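J.: Chains as they are written, first to last, in my numbering: chain A, 2 to 172; chain B, 2 to 172.
No lab work stands behind these hints: they were computed from the structure. Don't take each hint at face value.
Partial selection, computed: residues in chain B whose CB lies under 10 Å from chain A [unchecked claim]:
#1 Trp22
#2 Thr42
#3 Asp48
#4 Ala56
#5 Val83
#6 Gly93
#7 His136
#8 Leu138
#9 Gly139
#10 Arg148
#11 His152
Think about it this way: if two alpha-carbon atoms lie no more than 27 Å apart in a straight line, the pair counts; the simulated DSSO-like pairs of lysine-lysine are [claimed, not checked]:
#12 Lys165(A) <-> Lys137(A)
#13 Lys165(A) <-> Lys117(A)
#14 Lys165(B) <-> Lys117(B)
#15 Lys137(B) <-> Lys165(A)
#16 Lys73(B) <-> Lys73(A)
#17 Lys137(A) <-> Lys73(A)
Here are some, though not all, of the chain B residues that point toward chain A, as calculated from beta-carbon distances under 7 Å [as the list claims (entries may be wrong)]:
#18 Asp38
#19 Gly40
#20 Leu105
#21 His106
#22 Ala151
#23 Tyr164
Predicted, not measured: the structure shown is a model, and the values here were computed from it. From the three backbone atoms N, C-alpha and C, an ideal C-beta is built for every residue, glycine too.
Number of protein chains: 2
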Amino acid sequence: MNDHANISIRLARESDNDALWPILRDVIRVGETYTYDPGLTREASLDLWTVAPRATYVAEVDGEIMGSYFIKTNQQGGGAHVCNCGYMVAPGARGRGLAAAMCLHSQAEALALGYKAMQFNFVVATNLGAVHLWHKLGFETVGRLPRAFAHPTQGLVDALVMYKWLAEDAG
Amino acid sequence: MNDHANISIRLARESDNDALWPILRDVIRVGETYTYDPGLTREASLDLWTVAPRATYVAEVDGEIMGSYFIKTNQQGGGAHVCNCGYMVAPGARGRGLAAAMCLHSQAEALALGYKAMQFNFVVATNLGAVHLWHKLGFETVGRLPRAFAHPTQGLVDALVMYKWLAEDAG
Chain A
2 MNDHANISIR
12 LARESDNDAL
22 WPILRDVIRV
32 GETYTYDPGL
42 TREASLDLWT
52 VAPRATYVAE
62 VDGEIMGSYF
72 IKTNQQGGGA
82 HVCNCGYMVA
92 PGARGRGLAA
102 AMCLHSQAEA
112 LALGYKAMQF
122 NFVVATNLGA
132 VHLWHKLGFE
142 TVGRLPRAFA
152 HPTQGLVDAL
162 VMYKWLAEDA
172 G
Chain B
2 MNDHANISIR
12 LARESDNDAL
22 WPILRDVIRV
32 GETYTYDPGL
42 TREASLDLWT
52 VAPRATYVAE
62 VDGEIMGSYF
72 IKTNQQGGGA
82 HVCNCGYMVA
92 PGARGRGLAA
102 AMCLHSQAEA
112 LALGYKAMQF
122 NFVVATNLGA
132 VHLWHKLGFE
142 TVGRLPRAFA
152 HPTQGLVDAL
162 VMYKWLAEDA
172 G
């Protein structure tokens, strides 16, 4: 297993934006895993990642920001007990357990914020590392969207809907 | 079959808002089929229905607005070829084929706007009439979200993800 000892996760602050932007930019520009417009500006990207969600966190490795995630309410009204999260890891920090650490952290935060379940609306099916990790962390694939994602090199590929009930109670 | 002869569907105008609001209000207040906050104001409701989407339409029966639907892009970037629609029918106009007429109209409009597929993100599983109608109109249930909707009288119930590929080409 990876060594998580040097990972610490905390709420993001506006002063983190200079460190956050290169991480967002690299993932968004490649356009293989998220449904952001690849040409999104720095300001629009940071707004979507840090302002629109309910909460945004950064993961530091030896004090340097190497990953980030957000939590938002996935639907309003009768669907407001289910949250949605998105996670990004800097290219140079992959394979160190950061995504797993952030996902575990997010599940605890989601419960603390009052959510009962977590849903990933759009996991690109070719993103095998993510699919495998989310399964390992207790998420089920509850849906498959045929050819819902235009992959920049693989053409139209499926996207998965993944879901995990977090609350102890039956509802 | 129902008689569609007197149904006409056109783009919504701001001057339709007085006729639209009671339709939205009744569906939103009951809170059994859509994930809007049941206490949403008139202004916020009309913004979500008529301003935020890419296009909004009204369905008139004998010149009176009895239904409405919107089309929006469901995801950005690599997911932007899939649209999402929402439909509402006035309580007094149900059973006349309005929802079917609007859904057929929306499929044609979606293609005209350049979309290749249509996705319903959150069809409450207890809304059997809608589930049956969407199946009949070519949508597949591609996902099931367990206990994702807090129904006002039935407690936590599932929601379905439904999907239809619209384009003639394979992609």
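J.: For each hint, tell me whether it holds in the structure or not.
T.: Comparing the hints with the structure gives:
Annotation: Trp22(B) was flagged as interfacial toward chain A, and the flag is violated, the nearest CB pair being 17 Å apart, outside 10 Å. For Thr42(B), the shortest C-beta to C-beta distance to chain A is roughly 13 Å, which exceeds 10 Å, and the interface hint is violated. The beta carbon of Asp48(B) comes no nearer than 13 Å to any beta carbon in chain A, farther than 10 Å, and the hint placing it at the interface is violated. Contact between Ala56(B) and chain A, as hinted, is not supported at the beta carbon level, the nearest pair being about 20 Å apart and thus beyond 10 Å.
Below 10 Å, beta-carbon pairs count as interface contacts, and Val83(B) has one with chain A at about 5 Å; its hint therefore holds. At its closest, the beta carbon of Gly93(B) sits 23 Å from a beta carbon of chain A; the interface hint therefore is violated under the 10 Å criterion. Below 10 Å, beta-carbon pairs count as interface contacts, and His136(B) has none with chain A, the closest being about 16 Å; its hint is therefore violated. Because the beta carbon of Leu138(B) sits about 17 Å from the nearest beta carbon in chain A, more than 10 Å, this interface hint is broken.
Taking 10 Å as the C-beta cut-off, the interface hint given for Gly139(B) is violated, the closest approach to chain A being about 13 Å. A hinted interface residue such as Arg148(B) counts as satisfied when its beta carbon comes closer than 10 Å to some beta carbon of chain A; here the least separation is about 5 Å, so the hint holds. Because the closest C-beta pair between His152(B) and chain A is about 6 Å apart, less than 10 Å, the hint holds. Taken as a hint, the Lys165(A) and Lys137(A) pair is honoured in the structure, with Cα atoms around 11 Å apart against an allowance of 27 Å.
About 9 Å separates the Cα atoms of Lys165(A) and Lys117(A), which keeps this hinted pair within 27 Å; it holds. At most 27 Å may separate the alpha-carbon atoms for a hinted pair to count; Lys165(B) and Lys117(B) meet this at roughly 9 Å. Restraint check for Lys137(B) and Lys165(A): the C-alpha separation of about 30 Å exceeds 27 Å, so the hint is violated. Proposed proximity of Lys73(B) and Lys73(A) is supported: the alpha carbons are some 20 Å apart, at most 27 Å.
The hinted pair formed by Lys137(A) and Lys73(A) meets the criterion: a straight-line CA distance of about 22 Å does not exceed 27 Å. A distance limit of 7 Å between C-beta atoms decides the matter here; for Asp38(B) the minimum to chain A is near 5 Å, and the interface restraint holds. A least Cβ separation of about 9 Å between Gly40(B) and chain A goes past the 7 Å threshold, and the interface hint is therefore violated. Restraint check, Leu105(B) versus chain A: the minimum CB separation of about 21 Å is more than 7 Å; hint violated.
Below 7 Å, beta-carbon pairs count as interface contacts, and His106(B) has none with chain A, the closest being about 23 Å; its hint is therefore violated. Interface restraint check for Ala151(B): the shortest CB-CB distance to chain A comes to about 4 Å, inside 7 Å, so the restraint holds. At its closest, the beta carbon of Tyr164(B) sits 6 Å from a beta carbon of chain A; the interface hint therefore holds under the 7 Å criterion.
Checked against the numbered hints above, the structure breaks hints 1, 2, 3, 4, 6, 7, 8, 9, 15, 19, 20, 21 and satisfies the rest.
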